[in-house]
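A.B. asks: Each chain is listed here by its residues.
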Amino acid sequence: MLEMTYSQAINAALREEMRRDSRVFILGEDVGVFGGCFGVTAGLYEEFGPERVLDTPISETAIIGSAVGAAAAGLRPVPEIMFMDFMTVCMDEFFNQAAKMRYMFGGKARVPLTLRTVCGAGLGAAAQHSQSLEAWFVHMPGVKVVMPSTPADAKGLLAASIRDDNPVIFIEHKMLYGISGPVPEGEYTIPLGKADIKREGRDVTVVATSAMVHRALAAAETLAGEGIEVEVVDPRTLVPFDKETLLRSVEKTGRLVIVHEAVKTGGIGGEIAAIVAEEGFDFLDAPIKRVAAPFTPVPFSPPLEAAYIPDENKIIQAIREIV
Amino acid sequence: MVLSKEQMLDMYRKMQLIREFEETVAKLFSQGQIPGFVHLYVGEEAVAVGVCSNLNDKDYIASTHRGHGHGIARGASVNKMMAEIFGKMDGYCKGKGGSMHIADVELGFLGANGIVGAGLPLAAGAAFANKYLNNNGVAVCFFGDGASNRATFHEALNLASIWKLPVIFVCENNMYGISMCQKRHQNIADVADRAVAYGIPGVSVDGNDLMAVYEATAEAVKRARAGDGPTLIECKTYRYRGHFEGDACVYRCEEEVNEWKKKCPIQRFAARLTEMNIASREELEAIHREVKEQIEQAVEFARQSPYPDVSELTTDVYCD
Ligand SMILES: Cc1ncc(C[n+]2csc(CCOP(=O)(O)OP(=O)(O)O)c2C)c(N)n1
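Read top to bottom, the protein sequences are chains A and B.
Straight run, no breaks: the first sequence in the numbering used here ends on number 323.
Straight run, no breaks: the second sequence in the numbering used here ends on number 320.
Just so you know, these hints were derived from the structure itself, not from any lab.
Not everything, but these chain A residues come out facing chain B in the computed CB check (under 10 Å):
hint : residue
1    : Val33
2    : Phe34
3    : Pro299
Under 10 Å between C-beta atoms, here's a sample of chain A residues computed to sit facing chain B:
hint : residue
4    : Glu29
5    : Gly32
6    : Pro57
7    : Asp85
8    : Ala125
9    : Ala306
10   : Ala307
For every residue, glycine included, the Cβ atom is placed at its ideal position computed from N, Cα and C.
Please model the complete structure; the sequences and the hints are all you need to start from.
C.D. replies: Laid out in structure tokens, this is it:
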């Protein structure tokens, strides 16, 4: 095992995939000379040159639209949208073109593009640079949605996404770039659609995504001191979603808390709760709880932003209410 | 162009106020006193001031992520702006917006903006409202050379042209969009050339020359108020600081920055004022001292202001 940051792990996956397959190329704003707004693509321009690491104008419509065209024509583009919030300006290209092309063309097209982008609050970046919009993409048939929480997952899932023949949105979290963790040596992939049990427990299942996995683990640690054994399940990919791991866990614990950073209304937590209500109702010994952000844009002011993001205490409180 | 001494000194004061505000924000940011991202306007003061000195209270401006200068030029309170940047309750947006979203619609300031190129159609819309309400007001949109590659640029200019909207599109060409030099992001030297495609006038001026910006805007405002439609004005300028505070600026060299510092818009206007005997060195220095004090007070105001109460988290999402 190597010790790597989340950011370095993503960088390593990009590098290895580009070395392995000459059809893979990167495009986006400031990804080349600058090395990426968060430094994730650092060094790739130097290694692969301007033909494979393309600095684009500020033209999201053209970035995603051209990636779709290039993918349909045989390449494997890895476009970057600097902040997930800016997906709003190129939704047609992703939703109406990338997502539906295969279906509309009667199965006669492949759109192997991996769109990397960044979600999340915590940097005081305010309402237009802090959103977690994953639920939008989950609602769109034809797109796969990946949200890694650790360096090892980020590396293996990104490699798998790039090798996948479908459009994938790979959502990184800006507050995770600096965290480090063990990463297996050499090339490896983690299959899309396979959840990971980040901590075993018998009393309650907590399903958490992205940065919330770490807060759920902290809550589990605290509660372990009181004799409550929390099982933390990280779906890792939201589409495809690993129902089996979720249902097996709830069958074991009989209780479910869902934690995500996006607003609760219309969030992925509703979908996860519905899966269990439909297919695992008999396993439940208590009502399902959701811990998520309030129904408001992300505020700038530090005390408001801190109150916005679900924290360890809110997770503990939700668990206590049903255990 | 006949301007009174008061008008000229007011323009000088506003440029100094922007410079002092921004340098103070840079210092506070480096000391960790300001959260979030900050994009500063140092070096580009002549554009905001030259443009906004032509506006009156029916007019609107739409701004960018680099919006502090536009706000000050439009007449915003430096106290409330500073408090907003600190995330405090007495800020323009109760601390909910921060540096990138400072706005005051009553002041005709449709906001800084976190989304590049978002202001262009907003300004077209405000111009439409003014035309509809028949109040003789105009709208101005500031945007960068980088933003001129976004779809919104094309769509807003085209719409404004066919609807003959009283809007002025002001491109602040500081030669970079983050790390991308203009030469790498478009194959034209003058963004103003793009006006041809929309059938509207396009002019390119020295953006570090306050009077050049003022005069080009005066002409465009006159056209707009007369019902003759939009103008695209390109102001060639330069940002002294990095794209954001903390930017290592690996994409440009120190010599280039120093060359531009020699073309400082404030020093240039000061020289003009003294040469024309409009003001003495002492008068200008006195203005500078007053401005410094004003900014110190703004910082004090921001420090004293409380953070918003957590109950504010869910207010203002909808109208009551
Ligand atoms: C739609 C969108 N894309 C990308 C960004 C990230 N971004 C913020 S500022 C900026 C550069 C803007 O350059 P320019 O328009 O020339 O303005 P300047 O910063 O030079 O004043 C970029 C790419 C954004 N905020 N919004």
